[in-house]
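Colleague: Taking the hints into account, I'd like the entire structure generated from these sequences.
There are 4 protein chains.
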Amino acid sequence: MNTARVLIDCKDKKGLVYKISKVFYENDLNIVSNQEFVDKESKHFFMRSVVEGDFQKETLKSQLTLALGDGANIKVIEPAKKNIVIMATKEPHALGDILIRYIDGELDANILAVIANRENLKGLVERFNIPFIYINADNISREEHEKKILEELKKYKIDYIVLAKYMRILTPNFVKEYEGQIINIHHSFLPAFIGANPYKQAYERGVKIIGATAHFVTDDLDEGPIIAQDVIPVNHRFSWRDMQKAGRDVEKIVLARALKLVLEDRVFVFNNKTVVF
Amino acid sequence: MNTARVLIDCKDKKGLVYKISKVFYENDLNIVSNQEFVDKESKHFFMRSVVEGDFQKETLKSQLTLALGDGANIKVIEPAKKNIVIMATKEPHALGDILIRYIDGELDANILAVIANRENLKGLVERFNIPFIYINADNISREEHEKKILEELKKYKIDYIVLAKYMRILTPNFVKEYEGQIINIHHSFLPAFIGANPYKQAYERGVKIIGATAHFVTDDLDEGPIIAQDVIPVNHRFSWRDMQKAGRDVEKIVLARALKLVLEDRVFVFNNKTVVF
Amino acid sequence: MNTARVLIDCKDKKGLVYKISKVFYENDLNIVSNQEFVDKESKHFFMRSVVEGDFQKETLKSQLTLALGDGANIKVIEPAKKNIVIMATKEPHALGDILIRYIDGELDANILAVIANRENLKGLVERFNIPFIYINADNISREEHEKKILEELKKYKIDYIVLAKYMRILTPNFVKEYEGQIINIHHSFLPAFIGANPYKQAYERGVKIIGATAHFVTDDLDEGPIIAQDVIPVNHRFSWRDMQKAGRDVEKIVLARALKLVLEDRVFVFNNKTVVF
Amino acid sequence: MNTARVLIDCKDKKGLVYKISKVFYENDLNIVSNQEFVDKESKHFFMRSVVEGDFQKETLKSQLTLALGDGANIKVIEPAKKNIVIMATKEPHALGDILIRYIDGELDANILAVIANRENLKGLVERFNIPFIYINADNISREEHEKKILEELKKYKIDYIVLAKYMRILTPNFVKEYEGQIINIHHSFLPAFIGANPYKQAYERGVKIIGATAHFVTDDLDEGPIIAQDVIPVNHRFSWRDMQKAGRDVEKIVLARALKLVLEDRVFVFNNKTVVF
Chain A
-9 MNTARVLIDC KDKKGLVYKI SKVFYENDLN IVSNQEFVDK ESKHFFMRSV VEGDFQKETL
51 KSQLTLALGD GANIKVIEPA KKNIVIMATK EPHALGDILI RYIDGELDAN ILAVIANREN
111 LKGLVERFNI PFIYINADNI SREEHEKKIL EELKKYKIDY IVLAKYMRIL TPNFVKEYEG
171 QIINIHHSFL PAFIGANPYK QAYERGVKII GATAHFVTDD LDEGPIIAQD VIPVNHRFSW
231 RDMQKAGRDV EKIVLARALK LVLEDRVFVF NNKTVVF
Chain B
-9 MNTARVLIDC KDKKGLVYKI SKVFYENDLN IVSNQEFVDK ESKHFFMRSV VEGDFQKETL
51 KSQLTLALGD GANIKVIEPA KKNIVIMATK EPHALGDILI RYIDGELDAN ILAVIANREN
111 LKGLVERFNI PFIYINADNI SREEHEKKIL EELKKYKIDY IVLAKYMRIL TPNFVKEYEG
171 QIINIHHSFL PAFIGANPYK QAYERGVKII GATAHFVTDD LDEGPIIAQD VIPVNHRFSW
231 RDMQKAGRDV EKIVLARALK LVLEDRVFVF NNKTVVF
Chain C
-9 MNTARVLIDC KDKKGLVYKI SKVFYENDLN IVSNQEFVDK ESKHFFMRSV VEGDFQKETL
51 KSQLTLALGD GANIKVIEPA KKNIVIMATK EPHALGDILI RYIDGELDAN ILAVIANREN
111 LKGLVERFNI PFIYINADNI SREEHEKKIL EELKKYKIDY IVLAKYMRIL TPNFVKEYEG
171 QIINIHHSFL PAFIGANPYK QAYERGVKII GATAHFVTDD LDEGPIIAQD VIPVNHRFSW
231 RDMQKAGRDV EKIVLARALK LVLEDRVFVF NNKTVVF
Chain D
-9 MNTARVLIDC KDKKGLVYKI SKVFYENDLN IVSNQEFVDK ESKHFFMRSV VEGDFQKETL
51 KSQLTLALGD GANIKVIEPA KKNIVIMATK EPHALGDILI RYIDGELDAN ILAVIANREN
111 LKGLVERFNI PFIYINADNI SREEHEKKIL EELKKYKIDY IVLAKYMRIL TPNFVKEYEG
171 QIINIHHSFL PAFIGANPYK QAYERGVKII GATAHFVTDD LDEGPIIAQD VIPVNHRFSW
231 RDMQKAGRDV EKIVLARALK LVLEDRVFVF NNKTVVF
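Those sequence lines, one after another, are chains A, B, C and D.
Using the numbering used here, read the first sequence as starting at -9 and increasing by one per residue.
Using the numbering used here, read the second sequence as starting at -9 and increasing by one per residue.
Using the numbering used here, read the third sequence as starting at -9 and increasing by one per residue.
Using the numbering used here, read the fourth sequence as starting at -9 and increasing by one per residue.
Source of the hints: derived by calculation from the structure; they are not laboratory data.
Hints may contain errors.
No copy is singled out in the list; a pair is fine if it fits within one copy or between any two copies.
As the list claims (entries may be wrong) - For lysine-lysine, the following PhoX-like pairs were computed, each having C-alpha atoms within a straight-line distance of at most 25 Å: (1) Lys72 x Lys138; (2) Lys112 x Lys147; (3) Lys72 x Lys51; (4) Lys144 x Lys250.
Modeller: Here you go:
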């Protein structure tokens, strides 16, 4: 008895659900859950099914490919722990939240290592018996620093890299190496504030709400496909440092929520946006 | 070119999606949207599809019945305005909110009449050219009062009755006449407070959150299947009357949200709970 | 027995609360409620007290001025209905919500008139026995249009102008005439989207949250001091028109909340931000 | 230069703010922040001020007592780390969240020890160099178990006991020993569900919102004064175990928020409710 998550997306056309469910039916599979969506603007079809039964992953994939023709993206994924590496700088809230969930068995993941450009989180990480790799960024170029990180990353077979308040900008070169595999969390405001110290700008504008956005990293800084967002209320009694502290709670919860969605293969990326089932 | 909302629920078994989508495929229908859910506890299957194409509603329903066998609840609904009657007492917030949405064309409904046991809302309702029926409850029994209401209701072909802060309890007899067709809104608290003046009890307990629940009415007072809920924060500065006032905003928004879901045929009721697509 | 709202703001220094409460004490006033705040960055003091007793407003103000010296902004406001004019274009949701609250006695205001640059809201407004003034903007310059509006506005003694989805930009000249008296509502996003059709941009980015901001209008378009904000969740199933519709609920609630705060004299403006008690 | 948090509550009467601020003024103190509230129902006055200056705590307290007369509760508290003990059972989410905040320096507290009736959290706690005291409850009476816990607690000078998902009911005897010093977190629902497995009951009712309540522990089980509450949305796709998991995030955030408020001396308890500044 196998279980698989089947993820399909392709140009929308008539009969897709029929053709896919026919393959499931002929394999005598049980559909545990099933969600579809058609993006009307782009006329694109998305489907995520969890199926159970006596089947071979590769055979099932071939049959689905045959049924749908070329041009369909088809993944048949066995539910299994994914391998992740966390990158951080110095703040423990987002990293620590992931670590506690990790030992609670809440995350379907192996944390292979934590890489940081500061040393202060070493104690925390090693308490959880996870390798802590300190790669100092002082006095070297961004490219040199990333080269060192990439050397470490290459030692692992990585599914996802989680930026848990990693405070440095990644170069397009780095992003290309792990395209669609890097998840970031950043603060968000209504309205948005661009440039240095956005919390101070938000404070000066007197915003009443602050938030956080978890997204895939693309070349376009903080502009990748959004996975999850949330907000909390603030008021005039909050200094900008208070806002920053209050923001930590929403940052860590939103990052964890996004990570969980990704680990459960619930997120499609298409045209710089996500479909989340 | 027809459009229909197809709602199906039945005992879960293998091949349901296949059999249903086969009927759609063989009728050359376009699936505009499609959502399924299987309740694991009760092993019950729910599906809502919006389909487009050249078909006859009755024929489609027959074909689906043939495909699924007895025991499946199948509805093929043409998207059309539903007929509703609103019942109210004296507060204008929930009623008024529906009226404004009504003239904005936001509700897919005809408001046939407003029935109230007080007279003060007459002016408001008649401004919208909707019949206002005042049925005084003074000095008569609950049964006599309901009998008069039922006489008025029988004049109309009604899809749903919306209790927009109708402050009287309905008898089982009344509820049976419009089973599954009556939507109510009531305040909700964490924790709940039972008995007289729950706002005062909530105030005395110092709750930090108050809410509202929209639900179908069953014999079990305020215990019918929940359609929508929401909350707002309060604090010690709120008197119980302030809480009551603040609660109005969440009551009206939640009732309107529930009404919209029902008018779009998005709500299944099963075992005293709802599946909302 | 009089009641007054006393609003004071001035440069922070020692003894302010003492000096103010001494005046209240010597007048044998009862302090019904009292809130203070010191903005640490700007070292500015804010205080709002509601006092009851046997006093003359002008005398009390003089005594407070004497106690605090020059440079203190002191207002002694009798709680009374404020006079407001609403400006709208064609959408009824924000306007209608205010009208329903108005007849419910929830707003401490007289609505003197509704001015619109489209004619379709006339029926709605006149149902509430409020003058509807239609001022067509077609084929005339912005300045000419505003001149006509100002002519109408000059007929009234206005405390506040509420832009209930008035879809035209006001010129600095207009804003100057009613500085600090104009309240606007606009949609808000995380991140923000600037330019044409922000809902479409938000849709294309796949945002998971949309919101609304109520603010005072300044010359800087949509950048005036924020009074209130709120958000609602959305997801990939929302088209940009769905987002726009969903946004209406949060727009109307946030505008009404801001209006209520302003009518109760709870909002200080200082340095392009608000202190809201 | 000293700093103190001054907390005063007493029967409301005229001149309280004047008399208190006069003492501050005559001591040449700077009022850093100041909040007051009068509960209209109980006619009780609450005030929390943070003052800076050159003063003796005991002298200031005497002067305030003299100014206000008997019957006023006056506390002059030096801002300092409070001593807390955490009690837990087996779930790591609430405990772990506190531990991460602790090493981040976010909590103004010393965690003296963690006491648990299960052993599985030992590894987690000891990673943070905090004593873990395992007190098995098997085969002994509730009184015997609590006696052992009290013996351990008596070794410390404790300000607050935090029940971080401690799953046993405390006896009135235990509660009396630490009256007003025990903080608990429990799940909350709209409507509430009483008895065994409330998550299962909430699931069966199909609730759309679940929440958490942090409160002081009194003899009346889960009915003590509420400090903080929050909620998250759920839907029909959540099994009751999913609800329970989702509830963890809101439980830990609400407990941490309540703990922070208590550590900053922001919470008054009066008549089974709180005033939170």
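Colleague: Hint by hint, say whether it matches the structure.
Modeller: Status of the hints after comparison with the structure:
For the homomeric pair Lys72 and Lys138, the shortest alpha-carbon distance inside one copy (23 Å) is at most 25 Å, but the shortest distance between copies (44 Å) is not. Taking CA atoms no more than 25 Å apart as the test, Lys112 paired with Lys147 passes inside one copy only; the shortest distance there is 22 Å, against 32 Å between copies. For the identical chains of this complex, Lys72 and Lys51 are intra-copy neighbours only, at 20 Å inside a copy versus 45 Å across copies, given an alpha-carbon limit of 25 Å. For the identical chains of this complex, Lys144 and Lys250 are intra-copy neighbours only, at 24 Å inside a copy versus 42 Å across copies, given an alpha-carbon limit of 25 Å.
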